[in-house]
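Visitor: Sequence:
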Amino acid sequence: ELKLLFGTMKAVNGKWPRHSTKLLNVLRQMPQRNGPDVFFSFPGKKGSAMVLPPLARWPYENGFTFTTWFRLDPINSVNIEREKPYLYCFKTSKGIGYSAHFVGNCLVLTSMKIKGKGFQHCVKYEFQPRKWYMIAIVYIYNRWTKSEIKCLVNGQLASSTEMAWFVSTNDPFDKCYIGATPELDEERVFCGQMSAIYLFSEALSTHQICAMHRLGPGYKCQFRFDNECHLSLPDNHKRVSGPGTGDGPSPGPGPGMSLHAAKTVLYDGKLSSAIVFMYNPVATDSQLCLQSAPKGNTSYFVHTPHALMLQDVKAVITHSIHSTLNSIGGIQVLFPLFSQLDLPYDSMDGRRDPTLCSKLLGFICELVESSATVQQHMIQNRGFLVISFMLQRSSREHLTLEVLGSFLGLTKYLVTCLNSNSELLLKQLLDHVLFNPALWIYTPAAVQTRLYSYLATEFLADTQIYSTVRRVSTVLQTVHTLKYYYWVVNPRAKSGITPKGLDGPRPAQKDILGVRAYILLFLKQLMMVGQGVKEDELQSILNYLSTVREDENLHDVVQTLIGLMSDHPAAMVPAFDMKHGVRTVFKLLASESQLIRLQALKLLGFFLSRSTHKRKYDVMSPHNLYTLLAERLLLNEETLTLPTYNVLYEIMTEHISQQILYTRHPEPESHFRLENPMILKVVATLIRQSKQTEQLLEVKKLFLSDMTLLCNNNRENRRTVLQMSVWQEWLIAMAYIHPKSSEEQKTSDMVYSLFRMLLHHAIKHEYGGWRVWVDTLAIVHSKVSYEEFKLQFAQMYEHYERQRSDNITDPALRQQRPISTISGWEHQASRPILTYQNTNGEKEEITLREPEPLCSCERDTETPEMSVSPIPGEQPPAVVESSVPAASPALSILGSETAQSVGSLQNGLEEEEEEEDTLVVTHTGVIITELFTEEPVRQVPKTEADLESAETVEEDKEEDFREVEEVVEREEEGKVIIEKKEVEEDNKDEEEVKNDEKDDESTVISATEIPLPVVNVADEISDSDERTLSVEIESSEVVLQSDVSKLIEREIVDSDTSEAYLTPTERENDPVVISQSISDKLPESVHLPETRESGEDDQEHGDSSSDRAELPVVSESCSNETEEQSCDITNVSPVSEHSEQESKDPS
79 ELKLLFGTMK AVNGKWPRHS TKLLNVLRQM PQRNGPDVFF SFPGKKGSAM
129 VLPPLARWPY ENGFTFTTWF RLDPINSVNI EREKPYLYCF KTSKGIGYSA
179 HFVGNCLVLT SMKIKGKGFQ HCVKYEFQPR KWYMIAIVYI YNRWTKSEIK
229 CLVNGQLASS TEMAWFVSTN DPFDKCYIGA TPELDEERVF CGQMSAIYLF
279 SEALSTHQIC AMHRLGPGYK CQFRFDNECH LSLPDNHKRV SGPGTGDGPS
329 PGPGPGMSLH AAKTVLYDGK LSSAIVFMYN PVATDSQLCL QSAPKGNTSY
379 FVHTPHALML QDVKAVITHS IHSTLNSIGG IQVLFPLFSQ LDLPYDSMDG
429 RRDPTLCSKL LGFICELVES SATVQQHMIQ NRGFLVISFM LQRSSREHLT
479 LEVLGSFLGL TKYLVTCLNS NSELLLKQLL DHVLFNPALW IYTPAAVQTR
529 LYSYLATEFL ADTQIYSTVR RVSTVLQTVH TLKYYYWVVN PRAKSGITPK
579 GLDGPRPAQK DILGVRAYIL LFLKQLMMVG QGVKEDELQS ILNYLSTVRE
629 DENLHDVVQT LIGLMSDHPA AMVPAFDMKH GVRTVFKLLA SESQLIRLQA
679 LKLLGFFLSR STHKRKYDVM SPHNLYTLLA ERLLLNEETL TLPTYNVLYE
729 IMTEHISQQI LYTRHPEPES HFRLENPMIL KVVATLIRQS KQTEQLLEVK
779 KLFLSDMTLL CNNNRENRRT VLQMSVWQEW LIAMAYIHPK SSEEQKTSDM
829 VYSLFRMLLH HAIKHEYGGW RVWVDTLAIV HSKVSYEEFK LQFAQMYEHY
879 ERQRSDNITD PALRQQRPIS TISGWEHQAS RPILTYQNTN GEKEEITLRE
929 PEPLCSCERD TETPEMSVSP IPGEQPPAVV ESSVPAASPA LSILGSETAQ
979 SVGSLQNGLE EEEEEEDTLV VTHTGVIITE LFTEEPVRQV PKTEADLESA
1029 ETVEEDKEED FREVEEVVER EEEGKVIIEK KEVEEDNKDE EEVKNDEKDD
1079 ESTVISATEI PLPVVNVADE ISDSDERTLS VEIESSEVVL QSDVSKLIER
1129 EIVDSDTSEA YLTPTEREND PVVISQSISD KLPESVHLPE TRESGEDDQE
1179 HGDSSSDRAE LPVVSESCSN ETEEQSCDIT NVSPVSEHSE QESKDPS
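Note that our numbering gives residue 751 to position 673 of the sequence shown, counting from 1, and the numbers run on in steps of one.
Just to be clear, a hint being listed does not mean it is correct.
To be verified - Here are the simulated DSBU-like pairs of lysine-lysine, each with C-alpha atoms no more than 35 Å apart in a straight line:
(1) 224 x 162
(2) 195 x 124
(3) 253 x 209
(4) 578 x 612
(5) 824 x 868
(6) 124 x 88
(7) 842 x 759
(8) 578 x 490
(9) 392 x 124
(10) 612 x 490
(11) 779 x 818
(12) 191 x 224
(13) 224 x 195
(14) 209 x 124
(15) 162 x 392
(16) 124 x 172
(17) 123 x 93
(18) 348 x 172
(19) 490 x 202
(20) 572 x 769
(21) 172 x 490
(22) 694 x 572
(23) 348 x 202
(24) 209 x 162
(25) 392 x 253
(26) 253 x 348
(27) 588 x 665
(28) 769 x 842
(29) 162 x 124
These aren't lab readings, by the way, just hints derived from the structure by calculation.
All chains should be built: construct the whole structure from the sequences, respecting the hints.
Guide: In structure tokens:
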């Protein structure tokens, strides 16, 4: 019959047969029957009952238990108050004994001790008609205390009471009936069905009865072999330590006990040997019901143990759909129906019935849930693989929420029903159906959301599921699903991945993001069960992040990994380190999306904050990853942004949150420590290499503010910074040596405040802190010197651009122009630019007097250089502005007294300079070398007048130096007085020199007294020396061309003899000796001026705040006997070297 029913659903002429849907509805009702296949049927008529043979005695020593499955099926409910159908009645001929009958929906237990008198107990349980129940009535006998009666319905305790139920009698129990009383009247007969009936000579425990309930209503065996039942029980029902008493479930075996040592509940033989009688609907012969208890059991009957079914009581035998289905080929005979899903249901309009799939699948799932045989067929034939394949070939409109509900319902059943088939069947269901994205990708968004929300929430709620799901393979499959199916942006262009799920309609991007969120939640929960994260699982996620290039496809996965690192660091950090997760982090830092970069920094921060110091060092130091961090962050952005700095600040202090902060972070608290101090250098590097914007300036001030608070509040933070390598280099780079605005000035003040704080701590609290001061001086000097050089070089290059001639195409015009060089100086119009600036930062304009058309001369003396440059007569006087800024504030941290004293001296000399008409004084930070023309210099013989003039100039120089010393003394005392008398004497000396030159008819440069401006020491500081001042004063010395040629041919003194390259032993030599050795090499016409050490000058003036050196004066003379001009360089190199040696020695 079942085969014919299935055959009527086969497609005919390309369409479903009529009434196929109705037939499927009928078939779905068949597996829902939860009763037994064989049972006793009681019609409820008068005299219809089952009578038992007489029992010689009643088992009471250990109590007794009556149990069966029954179903009430009343004919009508008219006489429900008067009817009292009996479940059983076991009495003697005197009317004493035990009985149970129904009153309405309640069960009443009676124990008659004497005729007409006894005890009753009502079980308050609503027994519904036409519904199968398992009932177990347990009589517990206690010799010294009151006995008990317990009633269990469907394995659960429904009622319990203390009752003296024991009937003491020696009479046989010859009035024993099932479903009636001895009177067999119509009002007391049972109407319904009963399954196998058991009576045990023991009071069974609650756990034993619960296990019997799990066997189902179809069980009708003797509890001898565990393979008797159709359903395989879990081990906790099969193996328990002892039968126990009726007081409750027996305790299970200890964790150290083996299964062989544990006593069994159902199949240990004790339950089987305790059977008094057992009547099975199968074991019948006509109206005779055979005793089915084991033969070796104790017999309590007087004669034969077989029972008799009276009148219309019958044993009904049916065949379930499961057994019938097994006879026609098994569950696989239904699979071809899935290939007909796309066929039209009605040929008239060609419509398809979308409910056919849900009804067919629901029918199959219900068969699987209700039959172990069907489960075995599904496993052997890989039924879920076949169903999944057929559904993929069909239209996705069949995969509705009802279809998904059938799959999920079966999943829940298999999770809770632990038997030998459920585990393997669940794995196939998950792998081929629920974890198969190709099946669900084209379904409606609601269906996909429901599926993955179930997996992320309800599926993993049961602890038993973790032993069933293969974790590693499931994680790999889930990551594969994200990568190839549920992508937000097509990965083909950037990542080169061939995506799937393009053959049909995909959900909207918003729905895709929602599904991905559930998938990642499921992935996160799956990875954290058991012993924690497995390395292969983490490797799959890292592979995803390393191979996917689209930022939209990375965001949520990175966030999930951050959550795992934050919530489970004990398992994640070692695995992350083992799989080189830092490589993935730096790959993400190259992303174009700022959000991905910030998330990558968060991930790195959580990893570092949860790692030990050794792990941090082993990961970051070998490859200098902190430097690479700065390079990566500037790869796709021009400046350091506030969100990026906030994350770097969190990494630095290891107070990291999963949220990204786009505003200013809260101020650091006093207990915050610099856990990763190298981030300080990373931030400083980013600020220095970023494009200068207002936003960057705010970040810079925030960084300096945070660093100030961290160092001010915590002593350990100051020590940490001081222990960093060359921390002064990046900190001084934060300051503006020559600030151009008030904001830059504020920033520089913050840097200097940090220097004061750190240097104060070093010298006061740290052993050997003076070394920090030494290093700071050197590094700050280098920084300031470099800034000065940049300014000077920019000025020189600007001049070069104005004077360049290599872009002139006219040969005639090109011939008239000199050769242009990077120095930017032109021979004919060499005009060194005055780069002098007073301490107030104001620029001065110096009006130049037109001297006679003489040669342009320059002498190298101690740096900064002072050179006199006459201007040709045909050119108007030039006004040159100073380009060197005022004294650098960077040196204010090294002491301000020296700067103040020297600054006052400088101002005084500036006033003196304004009073006197002087030539051009050039104050530069580098030595400027002029180009010399190749025109021959006419040798002028020296005359007596020349020699006398030279002597006069020497005397004047001595007087000038004395006057300069007096001016310096007066300036230090704040009383600068310039006597007119001295000016008149100087002018008189100049006239005398000029008269002597006219008398001798020789060209002599007039000796011009130059008031020497002393520049603030803070203006010029380099890496290895403190610059002092030098003055070039013209003299009347005449140098011949032959002397110049000899000097050019003479070996030039190596620059390595300078102070910067001398050994400690060589530095001990007296500079005077060195000067004398150099002077010996010069021509007789060139005289080296006398020098004085700075120490003598300091002692003379009593100024102990700074060391100053008296400036050496170099005399020079030029000859202009002819119209050709020449330059005297005979005394440049030796004197400059000697001057450098003196200036580089700060002592």
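Visitor: Provide an ascending list of the numbers of those earlier hints which the structure does not satisfy.
Guide: The structure breaks hints 6, 17, 21, 28; every other hint is satisfied.
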